[in-house]
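Asker: Okay, here's what each chain looks like letter by letter:
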Amino acid sequence: MRRVNRDQRSRVSVKLNGRNVSAEAEPRMLLSDFIRQALGATGTHVGCEHGVCGCCTVLLDGVAVRSCLTLAMQADGRELTTVESLAGADGALNALQQAFRKYHALQCGFCTPGILMSFTDFLRRNPKPSEAQVIEVLSGHICRCTGYVGIVSAVLEAAGSVDSNAGGKP
Amino acid sequence: MKPHPFDYVCADTVDEVTTLFAEHGDAARVLAGGQSLLALLNLRLLEPALLIDINRIAELSEIREAGGKVEVGAAVTQNRLLAWPGLKEKLPFLAAALPFVGHFQTRNKGTVCGSVAHNDPSSEIPLSLAMLQGEVVLRSRRGTRTVPASEFQLGMLTTARKPDELVTAVRFPVQTACRVAFREVARRHGDFAIIAVGAVADGNRIRLGVGGMAGRPSIREFTAGGDLADAINTLAWELEGYEDQHASSRMRRDLLRRVGPAVIEEALQCAG
Chain A
1 MRRVNRDQRS
11 RVSVKLNGRN
21 VSAEAEPRML
31 LSDFIRQALG
41 ATGTHVGCEH
51 GVCGCCTVLL
61 DGVAVRSCLT
71 LAMQADGREL
81 TTVESLAGAD
91 GALNALQQAF
101 RKYHALQCGF
111 CTPGILMSFT
121 DFLRRNPKPS
131 EAQVIEVLSG
141 HICRCTGYVG
151 IVSAVLEAAG
161 SVDSNAGGKP
Chain B
171 MKPHPFDYVC
181 ADTVDEVTTL
191 FAEHGDAARV
201 LAGGQSLLAL
211 LNLRLLEPAL
221 LIDINRIAEL
231 SEIREAGGKV
241 EVGAAVTQNR
251 LLAWPGLKEK
261 LPFLAAALPF
271 VGHFQTRNKG
281 TVCGSVAHND
291 PSSEIPLSLA
301 MLQGEVVLRS
311 RRGTRTVPAS
321 EFQLGMLTTA
331 RKPDELVTAV
341 RFPVQTACRV
351 AFREVARRHG
361 DFAIIAVGAV
371 ADGNRIRLGV
381 GGMAGRPSIR
391 EFTAGGDLAD
401 AINTLAWELE
411 GYEDQHASSR
421 MRRDLLRRVG
431 PAVIEEALQC
441 AG
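Protein chains in written order, with this note's numbering: chain A, 1 to 170; chain B, 171 to 442.
Honestly, the hints are just simulated from the structure, not real lab data.
Be careful, since some hints might not be right.
Keeping only pairs whose Cα atoms sit at most 30 Å apart, straight-line, the calculated BS3-like set for lysine-lysine is [claimed, not checked]:
{"#": "1", "chain 1": "B", "residue 1": "LYS332", "chain 2": "B", "residue 2": "LYS172"}
{"#": "2", "chain 1": "B", "residue 1": "LYS260", "chain 2": "B", "residue 2": "LYS239"}
{"#": "3", "chain 1": "B", "residue 1": "LYS239", "chain 2": "B", "residue 2": "LYS258"}
{"#": "4", "chain 1": "A", "residue 1": "LYS15", "chain 2": "B", "residue 2": "LYS172"}
{"#": "5", "chain 1": "A", "residue 1": "LYS102", "chain 2": "A", "residue 2": "LYS128"}
{"#": "6", "chain 1": "B", "residue 1": "LYS260", "chain 2": "A", "residue 2": "LYS128"}
{"#": "7", "chain 1": "A", "residue 1": "LYS128", "chain 2": "B", "residue 2": "LYS258"}
{"#": "8", "chain 1": "B", "residue 1": "LYS172", "chain 2": "B", "residue 2": "LYS239"}
Turn these sequences into a full structure, and let the hints steer you where they fit.
Answerer: Rendered as structure tokens:
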């Protein structure tokens with residue numbers, strides 16, 4: 001049994017995008033704040049902080065979750081994947097990101113990191129989704145710029161290219 | 171917003187949880203998936219002194235089938251149950267209702283038991299538990315008891331759980347009648363249902379479940395061929411429908427009058 005009192009800080013160690021990192025957190029620290037403020041990975045955005053907007057979606061052990069509805073403590077010893085992992089070391093966009101660019105699936109880009117991470121998980125589990133399935137997953141995000149049509153097209157195209165991109169970035 | 175400070179315990183066994191509950195009672199809250207709890211903490215609608223994380227307790231993370239029932243442990247997520255290979259055949263009603271629970275992203279973390287324990291009147295899982303006449307397993311230092319859904323669900327966000335009890339599992343009886351239908355009306359797919367309506371047809375007997383109208387799921391039985399529109403109109407007036415920012419009581423009654431017969435028709439048409 002691990003106990004951390006409210007005024008204590010405890011070390012939380014995670015594998016962030018393949019790198020072992022750790023930082024201190026108090027019990028009430030949200031994973032979203034831990035990622036941004038303690039680990040300095042500001043690609044993950046914070047919107048509503050009650051699970052509605054989907055901006056803060058990250059992969060925890062490969063599964064898309066709201067980082068604002070997760071405590072930093074809960075990520076201890078686990079693997080975190082954020083939007084920073086998607087592009088190659090040389091900055092080359094992965095298939096999903098390229099499709100987003102092609103279909104103008106973003107404008108201001110605030111919601112984009114969360115959407116990319118949701119579909120990174122979803123497409124891995126459902127490599128050939130229907131348009132209806134894509135729309136259902138997208139319902140877990142709010143985008144105030146695009147009207148969603150470009151996002152759906154981008155995801156469907158990226159799904160089509162998943163095979164040729166096998167073994168690529170997560 | 172950020173939560174009010176609290177103590178955090180990550181428990182390894184159920185005994186640790188029940189011991190902490192015996193000591194702290196209502197001041198302690200269980201953190202399972204956290205998809206409702208964390209939102210309430212962030213909005214400071216709840217300020218517990220202690221959070222007990224049960225996610226690393228191995229015995230709570232199982233889906234088991236025994237004695238004609240499917241038992242779902244307290245740490246099992248909604249998406250895990252949705253992906254359980256026997257779901258469509260054994261619990262077709264849940265297979266129809268689960269895709270409406272939150273979003274893909276929240277179902278990855280939200281638990282089946284957590285939703286039952288939270289007992290939001292518009293939630294699909296408490297409605298399913300009532301529809302299928304399931305039961306809730308509660309454990310405390312005083313022992314283990316099993317409570318039928320009808321006695322567990324007392325009203326809006328209120329259950330028969332005592333402050334020192336942990337919901338360790340819920341059990342759904344394996345369905346014999348397979349003709350089911352489920353629909354809901356919400357502002358956005360996955361948002362809180364304005365109303366949720368499900369039906370199970372067995373021969374010409376129809377069980378209708380309605381969520382989002384009253385403080386707890388409402389279940390009624392009908393016989394096919396009767397004046398359903400009239401019966402559902404009576405039900406709509408009986409349940410009244412609560413008023414919130416999404417819909418008036420009148421709109422809820424109107425939705426039930428329209429969606430109710432459609433769902434019953436769909437269940438009757440269903441090949442099963």
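Asker: All the hints need checking, so say for each whether the structure fits it.
Answerer: Consistency of the hints with the structure:
Proximity of LYS332 (chain B) to LYS172 (chain B) is assessed by CA-CA distance (about 28 Å); at most 30 Å being required, the pair is judged to hold. At most 30 Å may separate the alpha-carbon atoms for a hinted pair to count; LYS260 (chain B) and LYS239 (chain B) meet this at roughly 9 Å. Of the supplied pair hints, the one linking LYS239 (chain B) and LYS258 (chain B) holds, its CA atoms being roughly 14 Å apart against a limit of 30 Å. Only pairs whose Cα atoms come within 30 Å are accepted, and LYS15 (chain A) paired with LYS172 (chain B) is accepted, the gap being roughly 25 Å.
Annotation: proposed proximity of LYS102 (chain A) to LYS128 (chain A) holds, straight-line Cα distance about 20 Å (limit 30 Å). Between LYS260 (chain B) and LYS128 (chain A), the direct Cα distance comes to roughly 27 Å. Compliance with the 30 Å bound is thereby established for this hinted pair. About 21 Å separates the Cα atoms of LYS128 (chain A) and LYS258 (chain B), which keeps this hinted pair within 30 Å; it holds. Between LYS172 (chain B) and LYS239 (chain B) the CA atoms are separated by roughly 40 Å; this puts the pair beyond 30 Å, and the hint is violated.
Figure legend: structure checked against the earlier numbered hints; the only hint not met is number 8.
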